[in-house]
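Assemble the complex: chain B is given as a structure, and chains A, F and Y must be docked to it using the hints.
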Amino acid sequence: MNALRRDASVALAVARKDAIAELRGRHATVSTLFFAGIVLLLFGFALGPDADRLAAAAPGLLWLAVVFAGILAVSRLHLLETDDGALEHLALYPVSRQAIYAGKAIGGFAVMLLIAVLVLVAVGILFAVDVLGAWPALLATAVLGAAGVAAVGTFYAGITVRLRAREVMLPLLMLPVLAPLLLGAVKATAAALAGDPFGELGAWLQLLVAFDVIMIVAGAATYGYLLEDG
Amino acid sequence: MPQTTIYVSPRSLGAPDRRPPAVATAELARLFAGSPALAGVTMTIQGGRAIALLGPNGAGKTTLLRIVSTAIRPSYGSVEVDGLHLNRDAAAIRERVAYLSHATGLYDDLSARENLAFAATMIGTPDAASRVARALADVGLEARAEDRVGTFSAGMRKRLALGRILLGSPSLVLLDEPYAALDVDGMTLVDDLLAAWREVGVTVLVASHAVGRLEPLLDGRVVLERGLVVDVHGEGVKHVPPAPPAAVRPAVAGAAR
Amino acid sequence: MKTRILGLVALAAVIAATAVALFVVPPDQNQGDAQRIMYPHVASAWLAYLSFGVTALAGIGWLWKRDLRLDAVAHSAAEIGVMFTAFAIWGGMMWGRPVWGVFWQWEDPRLTTTALLLALYVGYLLLRRLSDDPERRATRAAIVGVIAAVDIPIVHFSVEWWRGLHQTATIGSPDRVLNPAAPMVFVGSLLGMLGAFTLAWLYLMIRRYQLARAEAAREEARRMDRIMTARTVEAAR
Amino acid sequence: MSDAGFVIAAYAVIVGGLGVYTLALWRRLRAVRGPDDEAR
Chain B
1 MNALRRDASV ALAVARKDAI AELRGRHATV STLFFAGIVL LLFGFALGPD ADRLAAAAPG
61 LLWLAVVFAG ILAVSRLHLL ETDDGALEHL ALYPVSRQAI YAGKAIGGFA VMLLIAVLVL
121 VAVGILFAVD VLGAWPALLA TAVLGAAGVA AVGTFYAGIT VRLRAREVML PLLMLPVLAP
181 LLLGAVKATA AALAGDPFGE LGAWLQLLVA FDVIMIVAGA ATYGYLLEDG
Chain A
1001 MPQTTIYVSP RSLGAPDRRP PAVATAELAR LFAGSPALAG VTMTIQGGRA IALLGPNGAG
1061 KTTLLRIVST AIRPSYGSVE VDGLHLNRDA AAIRERVAYL SHATGLYDDL SARENLAFAA
1121 TMIGTPDAAS RVARALADVG LEARAEDRVG TFSAGMRKRL ALGRILLGSP SLVLLDEPYA
1181 ALDVDGMTLV DDLLAAWREV GVTVLVASHA VGRLEPLLDG RVVLERGLVV DVHGEGVKHV
1241 PPAPPAAVRP AVAGAAR
Chain F
2001 MKTRILGLVA LAAVIAATAV ALFVVPPDQN QGDAQRIMYP HVASAWLAYL SFGVTALAGI
2061 GWLWKRDLRL DAVAHSAAEI GVMFTAFAIW GGMMWGRPVW GVFWQWEDPR LTTTALLLAL
2121 YVGYLLLRRL SDDPERRATR AAIVGVIAAV DIPIVHFSVE WWRGLHQTAT IGSPDRVLNP
2181 AAPMVFVGSL LGMLGAFTLA WLYLMIRRYQ LARAEAAREE ARRMDRIMTA RTVEAAR
Chain Y
3001 MSDAGFVIAA YAVIVGGLGV YTLALWRRLR AVRGPDDEAR
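Protein chains in written order, with our numbering: chain B, 1 to 230; chain A, 1001 to 1257; chain F, 2001 to 2237; chain Y, 3001 to 3040.
If you're looking for bench data, these hints aren't it; they were derived computationally from the structure.
The beta-carbon is built from N, C-alpha and C at its ideal position, and this holds for glycine as well.
Honestly, I wouldn't trust all of these hints.
Said to hold, decoys possible - Derived CB-CB ranges, DEER-like:
| id | chain 1 | residue 1 | chain 2 | residue 2 | range |
| --- | --- | --- | --- | --- | --- |
| 1 | F | Val2150 | A | Thr1005 | 51 to 61 angstroms |
| 2 | F | Lys2065 | B | Asp130 | 21 to 31 angstroms |
| 3 | F | Thr2198 | B | Leu132 | 48 to 58 angstroms |
| 4 | B | Pro136 | F | Gln2029 | 44 to 54 angstroms |
The shape of chain B in the complex, shown without the other chains:
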C-alpha cells in the first residue's frame, strides 16, 4: 500500500514536471496542434471540394491527423529528457520503473487528449460533420484513442530518443503497432457520427479498451529495461 502511494506520487511528479516545462515554453502542444491543423487542411485539398466525400472521409482524416500529431507529441515529450543527461538521472532514482513509465504516459495522455478533442472540433467545422450530436461516444473514443497513442508512444519514444536516426525510426516502429488503434478509432467515430445504425460502436470501443490495456501492461513491463538500456 505504501509502495503504491509512493509510485503514485512519483508518477505524478514526473507528469507534473513535464506539464510545468510544457507551460513554460516548450510549447510542444501548440506546435503539434498546428501540425494537425495543417494535415487536416491538406487532406481537404487532396480529396477535393466535394462536401459529401469529405464528410464520409472525416473519421479517417481525423484519426490520421491525431496519430501523426501524436508521433510529434511523444517525441517532444521525451526530448525534454535529453536536457543535460536528464534521462540517465531519471533512471538512477530509486523508484519503480513502472511509476516513471506511468508518469511519462500520463503527460502524453493529457497532450494527446487535448489534441484529439481540438482536432475533433476542427473536423466538425471544416468537414461539416455533426460532432456535437454524438459527443459522449466521440469523447469516449477520443479518450481511449489518446490513451493508446500515449501508451505506445511513450516507450517507442523512449527507445528512439537515444538513437541517431530517431526522426525516421519513431514513426517507422510506431505506426504499424498503432494500426489496430487507428482502425478501431476510425470505425467507432464513423459509427458514432452515423448514430450507430448497426449497433457496432460498443464492439469498437471494446477493441480500443483491449488495445490500451495490453499496450499499457506491455509498456510498463518493458520500460524499465529500456531505461537501463543494455
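Chains A, F and Y alone, transformed into the frame defined by chain B:
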C-alpha cells in the same frame, strides 16, 4: 578544519571494520563501439573512506563511476556496492548511491527549487520542502531559488546538482570533476561537502584533476590510465593487477568465444 | 553433420511437396489451378507466425536470463520470419489476381494483417542495425519484438472485424482450404507442404543461428583483442 | 496471364526464394567462419 554547517543526512552504516567493501570490482571492463574505456579493473574500496580517482582524459574514470552508479552495465567482470551485486540488486544500489555526473540531469524549464522538489519526490526525502530549502541554502542558491535553471551558469548548475545529493542519505557518493566550472567559493563548498560526508562515514569516490587540492581531504587515491589501474596509494583502497585473459568473464551469459 | 542430413531431408520434402501440389492434386472446382498457390502461401504464413512467436519468446528470455544465445535465436527467427511473411504476401497476391481479379483485396483480413506484420518486423531488423553494443541491441530488440508480438492478435481481430462486423465472409479466403470438408487430397497436400516448409524452416533456423553465433564470436574476439592490447600497452610502460 | 502463369510466378518466387536465401546463408557462414571449418 572548521566545523561544517552543511546538513548531511546520516545513514546507519555499521562499524567501519564490519562493513563490506563500499566498492568491489573484479576484472571490470567496458567497451564503447568496440573500443575499451575500461580494460580490466580489480579493486576494493573500504567503506567510509574518501578516495580520489585520478588520471588523464579518457583514462576511464567517468566510465567507472557510471558503472558503479548503475547508469551503464559492464561488458566484462562484476561490481559489488556495499556487498550488493550490480546485476541482481541494482535497485538496492540505487537507494545507496548518489552521483554527480558531468551532465547535471537538471531540467532547464524548471526553477532551482522545482528541480530539487522533483528530485526529493523521486528520492523519497521526508520533510521534502524544508530539506529542499536547507539544501538550497547549503549550496548558496537561496537567492536564485525561483529562477529557471536554463538561465544558470555552469557553476550554478553544478551547485544545484550538489544540492540534489544532499536530499538523500547515500552511503556512497560519486563525484565526477566536482570542481570543474566552479568559482573559488564553489570549490570551498565542495571541500566542505567532502569533509561533511567524511565526518558521517559516507564513502566518497572523486574523479578529478585537482590532485593538490584533494590530497589533504582524502584517504587514498587510485590512478587510472587507458582503462587500467596504474597506481594505488593511501588507506582504504586495494588493487590487484589484471589476471590472464582466461579470468576475464563477459558480464552476460552466452557471449561467444 | 546432423544439420546437413536435416537440410537434405528438407530439400527432398520441399521438392516432393511442390511436385504433389503442382502435378498430382486436381484443379479446384471453383478456383481452378490457382488453388495450387494456396499450399506454399498457407505454409509461409504459418512459419511467419511461428518465427515471430520464437522472436518474442527468445526476447523475453534475453531480458530474463541475459544470455546472448537467446538474442541470436530471436534475431535469426525475425529475419527468417520476414522472409516467410514476404512469401505469404506474394503468394496471396498471385492467388488474388486470378480468383478475385485484383492483386490486393482489402477485404481479405489475412493479406492486410500480413502486410502489417512485414512492417512491424522490418522495423525490428532496422532497429537492430542501429546499435553497435551487443547487449543494448539485444535489449532494444527484445522490447520491440515483444510489443510487436502482442500487437499481432489485436491487429488480426481488428482487421477481421473491419471487414464487416455483422457480415459473414462472402469471399473465399486462402484459409478456406483448411476447411475439413475439403477433399482429402487437398488437405493431404496442404499438410505435406506445411511439413516440408517447417523442416526447411528448422534447417534455416539452425544455419542462421550458427551464422549469428559465428558473427558474435568474431565480434567478441575483436573486443577481447582490444582489451588485451590495452593491457599489454600498459604493461610495457 | 493465365492461371498457370500466376501459379508459376508464385512457386518461382517462394520456392526459388527459399533456395536463394539458403545459398546466401551458406556464403555468409563461410565468409565468417573461414573455409577450413566448413564441415559441421
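Hints, one by one, checked against the model:
At roughly 55 angstroms, the beta carbons of Val2150/F and Thr1005/A sit within the given window of 51 to 61 angstroms. At roughly 56 angstroms, the beta carbons of Lys2065/F and Asp130/B sit outside the given window of 21 to 31 angstroms. Taken as a hint, the range 48 to 58 angstroms holds for the pair Thr2198/F and Leu132/B, whose Cβ atoms sit roughly 56 angstroms apart. The supplied range of 44 to 54 angstroms is met by Pro136/B and Gln2029/F, whose beta-carbon atoms lie about 51 angstroms from each other.
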